[in-house]
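Each chain, letter by letter, is given below.
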Amino acid sequence: MDNNQRFPATLQRLGVMAVPASVLGLILLIFDSLHSVQNFYHAWTFAFDYLMCLTIGCFGLMLLSNMVRAEWCRPILRIFEAGALNLAFMALCVLPIVYAAFTRHLFPWAHPSTVASDPILQSRAVWFNPLFFTIRNIVFFVVLTGIAYIIRSLALKQDLEKNVQTAKQIATMRASIAAPCFLLMVFAVTSAATDWIMSLDPHWYSTIFGFHFLIGAALCGMSFAVALATTMKLAGEGEYAQMANPKATKDWGNLMLMMTMVWAYFSISQYMIYWSGNLPLEVTFYVQRNVRTLAWFTSTLIICQFFLPFLLLLSSRLKRYARMLRNTALLIFFTRILEVAWEVIPMFHSWHGSDSGFVVQFQGGMGYLGALLFMGGIWMALFVRNIKRASLIPNLDPQILEVMEHAH
Amino acid sequence: MSNSLPDSSGSNHLVDPAVAGMMEGEHTYESITEKLTSIVLRQDRHGLPWWIMIGIGFVLYNVLFSVILKLLFTGIGMFGNNEPVGWGWPIINFVWWIGIGHAGTLISAFLLLMRQNWRNAINRFAEAMTIFAVVCAGIYPLLHTGRPWCAYWLFPYPNILAMWPQWRSPLLWDVFAVSTYASVSVLFWFIGLIPDFASLRDRSENILAKKTFACLCLGWRGSAEHWRRYEVASLILAGISTPLVLSVHSIISFDFSVGIVPGWHTTISPPYFVAGAVYAGFAMVIMLAVPLRKWYHLEEYITQKHMDWMAKLMLTTGLIVFYGYLMELFYSYLSGDPYEIAMMHFRQFGPYGWAYWLLICCNGVTPQLLWIPRIRRSNSALFIISVVVSIGMWLERYVIVVVSLTRDYLPSSWGYFTNTMWDALMYLGTMGQFIFLFFMFVRVMPMINVFEMRELLHKFHHGHGAHTEDATHAVEAAE
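Chains as they are written, first to last, in the working numbering: chain U, -1 to 406; chain G, 2 to 480.
Honestly, I wouldn't trust all of these hints.
Pairwise CB distance ranges, derived in the manner of DEER restraints [said to hold, decoys possible]:
#1 U:SER314 / G:GLN369: 38 to 46 Å
#2 U:THR132 / G:VAL187: 55 to 63 Å
#3 G:THR181 / U:LYS160: 25 to 33 Å
#4 G:GLY76 / U:LEU312: 46 to 54 Å
#5 U:ILE266 / G:ILE342: 50 to 58 Å
DSSO-like mimics (lysine-lysine), calculated; alpha carbons at most 30 Å apart, straight line [as the list claims (entries may be wrong)]:
#6 G:LYS313 / G:LYS295
#7 U:LYS386 / U:LYS166
#8 U:LYS386 / U:LYS248
#9 U:LYS166 / U:LYS248
#10 G:LYS36 / G:LYS295
#11 G:LYS211 / G:LYS306
#12 G:LYS212 / G:LYS36
#13 G:LYS306 / U:LYS248
#14 U:LYS155 / U:LYS245
#15 U:LYS386 / U:LYS245
#16 G:LYS295 / G:LYS306
#17 U:LYS245 / G:LYS313
#18 G:LYS313 / U:LYS248
#19 G:LYS212 / G:LYS71
#20 U:LYS160 / U:LYS245
#21 U:LYS155 / G:LYS313
#22 U:LYS155 / U:LYS386
#23 G:LYS306 / U:LYS166
#24 U:LYS166 / G:LYS313
#25 U:LYS166 / U:LYS245
#26 G:LYS36 / U:LYS245
I should point out that these hints are in silico values taken from the structure, not numbers from a laboratory. Even for Gly, the Cβ is constructed at its ideal location relative to N, Cα and C.
Pulled out of the complex, with its shape left as it was, chain U reads as follows:
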């Protein structure tokens, strides 16, 4: 197949490396889970939350690309599509978490004795109960995976279409579907993030949480796509050698800059309101994360997730050079792992009243790394398989011709 002949070596390598990484991860996860079954659930939830962040990022950016049909999104659209299709895999990964809702290993609201002694958890039981939690997860994955496959099939249909007018009609149809789906996604992800992350803490809540998760996901998806596209550009592979031109990289850099600023804006808004309010149920979120090792962790996060990328991406020169942009994208992508760890892992222990749980967990377990490698490896292998199934750059797209023109 012509596609295979031109398939970039970078992606081939990623696909090949994904398998041993996954096996290694599985060994580490099993080894750590032997100590305690709770370790398994904690590690699994952490890896799941991070990879959901990446998958939702790809999914949301795919919808956004279909809506705005701007120049910047066309060269990386296939990356978003391939990432979004992994929602089907993530639907399998959520099963242990759904199962945990019926056991006492993960969620405080699933622990009968804890609920019995806690009026707040009792009042939340209408929403947080195993049956409703399961239904919500099923609806979430069925609807979002369905949307991802519909949009993808329309994109492939457009690729094969010989008639330019019909191709344009399909593009318009994709845009019409994407707009309401984007709205639906925002509400669905808000609910899901509340389930998977916020409900790990028995009392804490924040109304900006959905937005905060979404912007983190967007950063994750965008930095992943940019890192991949610029790596292929640097290796001179496929159409990316031409497509990832300075104009495109500048747009990608600007988008990452904007997302970084919005992330910081949401984070500081939440922090200021809770810190000023100084109410025990709210401020404990930050108090827990400002003790001992976690204080260093918090500082690293502020520097690597905001100050460094912000200052780097302000430079228009950096955004023109693929290598520098790739390094910045990688910095953001890997710092996202730290942020999810910072957010999620202390929650596993907050309901036991232990501030040092995070430290203990990190010292004690390679399970987090194992789960991330295992799940991430399979995710990556499936991603490469998805991306192989279509041309790397959408065909017959009027905007593509424009981008190609700018490259010459």
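Based on the hints, put chain G in the right spot on chain U.
Showing chain G alone in chain U's frame:
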């Protein structure tokens, strides 16, 4: 809508998609300048609608002066503000007006940075709207202090009164945020007007007008160096203005959310206030654009595509606001906090329930009509929806301020708020001030950016690549 625009010689050019639909009809650089500057230079371009609007504005402006005069002699006790609602209409109106201004800055600054050509036809009057809205907004907190003649105490200056501002309070941040915002907005507006003042100087026949515009254009000659400096200044000011849009309304949201009052203390506040401000602002821009383009026959410049874009932006920001309402509702009940739950219940089913449900209808339900392309293409429908949104945004602030303050933690501090006639008259008065100032602006300054429209025509002829550096040619051709 055709993608081709005939040039002065009558031949058709294939128009770049980036500028397609942003100007209609047949134009030359000369005809654009003539049509847009004549609104300022010729009184006959201002018909009966202008006189009616300026008349209404003048009458209401005098109402404002009368209310302020009464206030200075009586004190703010003449308003409905009292325990437990100390803020009342003055702060509701302050937040409403300041929010309206945000769309102007967004259009002029943010869209400039984003290289969006559709801003060209609407940025000038949207910036004017911003400034007049900030003027209307500023009056309220100043008078609400009770002693406006002591307002300078808000600034940290060396004194023997042992007075020092409380830096921890967002109310003080407001003073600096709003005054910076007003200063930068005026500067940005004025810088943008300089090339057009020069065109007016060159075209004025009246000697007084000529001299006035000559002073205002600061000796502009349209040289390449002038244009270069102009571009640099515009970009710097746009870079400063864009974060100001975020910061001003975020700080206003902190006025409420850093307090632990139920219904106020919510983390979604900053983005939801900013989105609400832009939402209300776009509603006002549409309310102004619809009559202006009809009365001054500007349909070729402020095209249906502009209206469509503004409607889409209004829908987007409206959805963010609606998301905010739903999150407040959802997390209040999920929180398990009895005070939050009681407040949310009181909002919906208490004595102010009518205001809450009306605001949901105005801000959440009505704008969903904008999903329908046919409605986005109807100016009457857009105008009506914009009026409904403006009412909804006022109600939103009413619900936030009044409902939360009347139901605090202590039942002994519960109460019911009723406004007085003076509250309403002052609000009407600031509307009059806005209308009067805006239509005076329409009379004495070009409401559409003349040189940017010429630049747009240049892009029509030479493609989108011909960007700002080529504006010089357009100006030279016109002069």
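Do the hints match the structure? See the list:
no.	hint	verdict
1	U:SER314 / G:GLN369: 38 to 46 Å	40 Å, holds
2	U:THR132 / G:VAL187: 55 to 63 Å	58 Å, holds
3	G:THR181 / U:LYS160: 25 to 33 Å	57 Å, violated
4	G:GLY76 / U:LEU312: 46 to 54 Å	50 Å, holds
5	U:ILE266 / G:ILE342: 50 to 58 Å	28 Å, violated
6	G:LYS313 / G:LYS295	21 Å, holds
7	U:LYS386 / U:LYS166	24 Å, holds
8	U:LYS386 / U:LYS248	27 Å, holds
9	U:LYS166 / U:LYS248	27 Å, holds
10	G:LYS36 / G:LYS295	14 Å, holds
11	G:LYS211 / G:LYS306	35 Å, violated
12	G:LYS212 / G:LYS36	22 Å, holds
13	G:LYS306 / U:LYS248	27 Å, holds
14	U:LYS155 / U:LYS245	28 Å, holds
15	U:LYS386 / U:LYS245	26 Å, holds
16	G:LYS295 / G:LYS306	15 Å, holds
17	U:LYS245 / G:LYS313	27 Å, holds
18	G:LYS313 / U:LYS248	26 Å, holds
19	G:LYS212 / G:LYS71	40 Å, violated
20	U:LYS160 / U:LYS245	29 Å, holds
21	U:LYS155 / G:LYS313	28 Å, holds
22	U:LYS155 / U:LYS386	16 Å, holds
23	G:LYS306 / U:LYS166	20 Å, holds
24	U:LYS166 / G:LYS313	21 Å, holds
25	U:LYS166 / U:LYS245	24 Å, holds
26	G:LYS36 / U:LYS245	37 Å, violated
Going down the numbered hints, you'll see the structure goes against 3, 5, 11, 19, 26, while the others check out.
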